[in-house]
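Sequences and hints are given; from them, build the entire structure.
Protein sequence lines correspond, in order, to chains A and B. Residue numbering for the first sequence follows the numbering used here, beginning at 3 and increasing consecutively. Residue numbering for the second sequence follows the numbering used here, beginning at 98 and increasing consecutively.
Heads up, some of the hints might be wrong.
[To be verified] Per the computed footprint, the stretches of chain A lying under chain B, defined by three or more beta-carbons under 8 Å from a beta-carbon of chain B, are:
id, segment
1, 98–107
2, 199–212
[Stated by the list, open to error] Derived coverage of chain B by chain A (criterion: at least 3 residues anywhere in the stretch with Cβ under 8 Å from a Cβ of chain A; other residues may be distant):
id, segment
3, 101–109
4, 112–123
[As the list claims (entries may be wrong)] Just a few of them, taken from the derived set where beta-carbon distance is under 7 Å, the chain A residues facing chain B:
id, residue
5, Glu217
6, Ile218
7, Glu221
8, Thr222
9, Leu224
10, Ala225
The hints are simulated quantities; they were obtained by calculation from the structure and are not laboratory data. Even for Gly, the Cβ is constructed at its ideal location relative to N, Cα and C.
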Amino acid sequence: MARRVGMEVSIGISEAVSACDVDVISAYPITPQTHVVEHLSEIVAQGRLDAEYISIESEHSAMSACVGAAAAGARTFTATCSQGLALMHEILFIASALRLPIVMAVANRALSAPLNIWNDHSDAMSDRDCGWIQVFAENGQEAFDLTVMAFRIGEDPRVLLPVIVNFDGFILSHVVEPMELLSREEVAKYVPPYVPQIRLDPRAPVTMGPVGIPEIYTETRLAHDHVLRESKATVEEAFAKFAEMFGRQYRSVETYRAEDADVLLLTMGGISETAMSAMDRLREQGKSVGLVRLRLWRPFPFGELAAALEHCKVLAVVDRALSTGGPGGPVASEVKAALYHQANRPTVVEFIAGLGGRDVRVEDFFTIYEKAAKVLAGGTLPPFEIIGVRS
Amino acid sequence: MAKLGTDTKWQDLTLGLFLPDAGNARLNLTGSWRSIRPVWSHERCIRCGICDMFCPDAAISEDGAGYYSANLDYCKGCGICARECITGAIEMVQEES
Numbered sequence: 003m004a005r006r007v008g009m010e011v012s013i014g015i016s017e018a019v020s021a022c023d024v025d026v027i028s029a030y031p032i033t034p035q036t037h038v039v040e041h042l043s044e045i046v047a048q049g050r051l052d053a054e055y056i057s058i059e060s061e062h063s064a065m066s067a068c069v070g071a072a073a074a075g076a077r078t079f080t081a082t083c084s085q086g087l088a089l090m091h092e093i094l095f096i097a098s099a100l101r102l103p104i105v106m107a108v109a110n111r112a113l114s115a116p117l118n119i120w121n122d123h124s125d126a127m128s129d130r131d132c133g134w135i136q137v138f139a140e141n142g143q144e145a146f147d148l149t150v151m152a153f154r155i156g157e158d159p160r161v162l163l164p165v166i167v168n169f170d171g172f173i174l175s176h177v178v179e180p181m182e183l184l185s186r187e188e189v190a191k192y193v194p195p196y197v198p199q200i201r202l203d204p205r206a207p208v209t210m211g212p213v214g215i216p217e218i219y220t221e222t223r224l225a226h227d228h229v230l231r232e233s234k235a236t237v238e239e240a241f242a243k244f245a246e247m248f249g250r251q252y253r254s255v256e257t258y259r260a261e262d263a264d265v266l267l268l269t270m271g272g273i274s275e276t277a278m279s280a281m282d283r284l285r286e287q288g289k290s291v292g293l294v295r296l297r298l299w300r301p302f303p304f305g306e307l308a309a310a311l312e313h314c315k316v317l318a319v320v321d322r323a324l325s326t327g328g329p330g331g332p333v334a335s336e337v338k339a340a341l342y343h344q345a346n347r348p349t350v351v352e353f354i355a356g357l358g359g360r361d362v363r364v365e366d367f368f369t370i371y372e373k374a375a376k377v378l379a380g381g382t383l384p385p386f387e388i389i390g391v392r393s
Numbered sequence: 098m099a100k101l102g103t104d105t106k107w108q109d110l111t112l113g114l115f116l117p118d119a120g121n122a123r124l125n126l127t128g129s130w131r132s133i134r135p136v137w138s139h140e141r142c143i144r145c146g147i148c149d150m151f152c153p154d155a156a157i158s159e160d161g162a163g164y165y166s167a168n169l170d171y172c173k174g175c176g177i178c179a180r181e182c183i184t185g186a187i188e189m190v191q192e193e194s
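Right, dumping it as structure tokens:
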């Protein structure tokens, strides 16, 4: 049965990747890298994992090598974040459009300048439309479990898309948490062997990545959009099967003390646990407030979000990134767009918190609730507000 | 697979637009892009093969006697061969329509 251990979350992800018996790992080994691939290189060197470990000169090359390995039919993994993810940018679109089920862990961090290595979601938001399935983990256990699930989801013949597992830099990546690890034998029963539908093979040559002339490109984009949308059913299946086999239930959208709440807060990632503590305290005071958390970012869980917000009057979205010169927070923009066609939609108020490693405390969620409660009572707020900013 | 064209629906596309055969670039006769063509002078040519090595489209080949010429189905007329030729044996000549 599962072993419960205290382990740094990055190391836990490495163990998940090892349990998934990957064939190829290609990664840039230096900043902004985490222990995820450092520990994987140790696992390979120890002979615990029979994989090709490619230490490479940049993240652009790392993702390119992953594309090549996956095209040859290998189960492939990499990890990065921040400037590294930005450097991968153009290859991310190629990996997804070629339908290569690479799995990547992203320890979300801010983008420079000014140089900042700390946690926020600026990196992930810059790659929103890269065509990958994207999930956000809340804690170490979830980061481990989502990594295992990512291989099953991405490699499913109905899907064949790459998957990003986002987990917050430092506040998760470098923190020791209790985790129940799954053994390779247990994972093998959950993640079937990868059977590529097409692969590069010199004995039977095919063309991958041909030119998409204007007469065809539009159709390829629709095909990509279709499969990414439809992958949600496979994601839900993977969640259900995981719960059945290992006892931990995951959903695309989670709610916490949200039943009949007038005010809901919406978060993604690690700050959700802090928000849950705040919800407990506010509920003790008799406030009608709860939490909604998006776990699945792409494909966007439109139906589940609408269901979670059914009774909500004011929704406060807490973003971890700023869309400069735009409407405010990128998650809030998506949520508002998702709700636009609903007749019975909550008023959405926007907050941005925790940029570049600024601490997000329980008290910050009290502040957000109080401001949202003022809107519930008929007050107004500016289009968005950055929590704790000095001005 | 049916040939891709203006009547191809998105549902008909292969996985990731892969093509089940290789070497499809041959079907695309990019020579139609050309406005100037390379012409070799055998008097000046020293048969070094630099033009062949530098041709970005692999459109230049050796004729068995050591001299070179371009396959005009694929030569785009970029002029790199003429630029690189040590003896100036290649002249780019205007295409007449």
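Evaluation of the provided hints:
1. Counting residues of the segment 98–107 of chain A whose CB lies closer than 8 Å to any CB of chain B gives 4, so the stated coverage by that chain holds, three being the minimum.
2. With 8 residues having a beta carbon nearer than 8 Å to a beta carbon of chain B, the segment 199–212 of chain A meets the requirement of three or more and the stated coverage holds.
3. Remark: the segment 101–109 of chain B is confirmed as covered by chain A, as 7 of its residues place a Cβ nearer than 8 Å to a Cβ of that chain, reaching the required three.
4. With 10 residues carrying a beta carbon less than 8 Å from a beta carbon of chain A, the segment 112–123 of chain B meets the three-residue requirement, and the given coverage holds.
5. Proximity of glutamate 217 of chain A to chain B holds as hinted, the smallest CB-CB distance being about 5 Å (cut-off 7 Å).
6. Residue-level restraint check for isoleucine 218 of chain A holds (minimum Cβ-Cβ distance to chain B is 5 Å; threshold 7 Å).
7. Because the closest C-beta pair between glutamate 221 of chain A and chain B is about 4 Å apart, less than 7 Å, the hint holds.
8. With 7 Å as the threshold, the beta carbon of threonine 222 of chain A comes within range of chain B, its nearest partner Cβ sitting at about 6 Å, so the hint holds.
9. Satisfaction of the interface hint for leucine 224 of chain A is found here, the shortest Cβ-Cβ separation to chain B being roughly 4 Å, below the 7 Å cut-off.
10. Because the closest C-beta pair between alanine 225 of chain A and chain B is about 5 Å apart, less than 7 Å, the hint holds.
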